[in-house]
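Once you've looked at the hints, dock chain E against the given chain H.
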Amino acid sequence: MINRLTDSLEFQSQALVLRAERQRLLASNIANADTPGYVARDMDFASALRAATGTSGVGGAAGAAVTAALRQALPAGSGFGASAETHLRYAAPSQTNLDGNSVDMDRERASFADNSVKYEATLRFINGSVRSMLDAMKSPQQG
Amino acid sequence: MSMFKIFDVSGSAVSAQSQRLNVVASNLANADTVAGPNGQAYKARQVVFQTELMGAVGAAGVRVAAVGEDNTPGRRVHDPKHPGADAEGYVTYSNVNTVEEMVNMISASRSYQNNLEVMNAAKSLLLKTLQMGQS
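Line by line, the protein sequences give chains H and E.
Quick note on the working numbering: the first sequence kicks off at 39 and runs consecutively.
Quick note on the working numbering: the second sequence kicks off at 6 and runs consecutively.
Here are the computed lysine-lysine pairs in the BS3-like style, where the Cα-Cα straight-line distance is at most 25 Å: (1) E:Lys86 x E:Lys48; (2) E:Lys133 x H:Lys156; (3) E:Lys128 x H:Lys156.
These are calculated hints, taken from the structure and not from any lab test.
None of the values given here were measured: they were computed from a predicted structure.
Excised from the complex, chain E in its bound form:
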């Protein structure tokens, strides 16, 4: 039954999108993190999607190939009274762009919903196929 492959395909997409949501959540949580004693602030992370062929022709799932780090320098704010300030009085914040992350979150949750609906449609079609010739 080739239709069963839909669950593999959409399932892989759902898990990839949920990993993307996870990464967005950790980026947003660390949006205001300042640099620790080592001088390194949190770096925003991004997932990299890749097509994964699943046996049958036309069945192409998704997987997260890598989770990359954003290497742009973090925001530096002059605040000598801050406990995290360095010798020059600057505080280094993480380089998370909150607006970008919010957009990313909406996109990920929409894609998640899309794939869930695909699975629901495939499930109802398969259930009707099981009743073939009975009604």
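Isolated chain H, as found in the complex:
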């Protein structure tokens, strides 16, 4: 019974963890904007979420819209090992750079703002379902 209550929270919490991970990734890219030879990385959020939740139903619907543009920017990929790490992609440089750095500050800042908003949205979804769960537990006298 308690499973059914927390099932809806499970998906959102996985999404929240992945959002936090992507935020960290983007922060690393911004931190290394001036490092010679650094190659920017980003996450294929849709497939990372699908792998984390193990479903293509809810996860696919929510994740597909997120990274339509992201996929375009990140053609070739290479994985590292386990879980979310395999969904990391190297960003294709938008302009050639003599020092081999492929961080595009405009793109990184835009992704960072985008990811912050979506992180907060996920937080609100969680808060909303917690509130409705608590409301359902209340007795009618409590109002």
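Using the frame of chain H, we list chain E on its own:
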């Protein structure tokens, strides 16, 4: 909490950029230094950035790997009346390129601001995460 790593990553970048600003400041301060009795004028210094992995995957900070010296010869000006002039009447100035240093300064301060904003965003997100389920 993987988000806490953002403070490490951006913090390392902020301190690396501030070291770069420091080096730019000392270069600019010595832009008009002339050679001393040993015949050696001040040499411009440049920082070398390097990626530093911070444990978790995707957390890549920055550190200053080295502070290198610019070995191009300094500017030589013929001025026999100058107290720093050598036997041939030439004064050797430092090899600091002021324009390059100004560009370097602007770039460093922009990067510094960028990383500070990243930290502020991460902080507000974490504070909202702390209030999860309360509102």
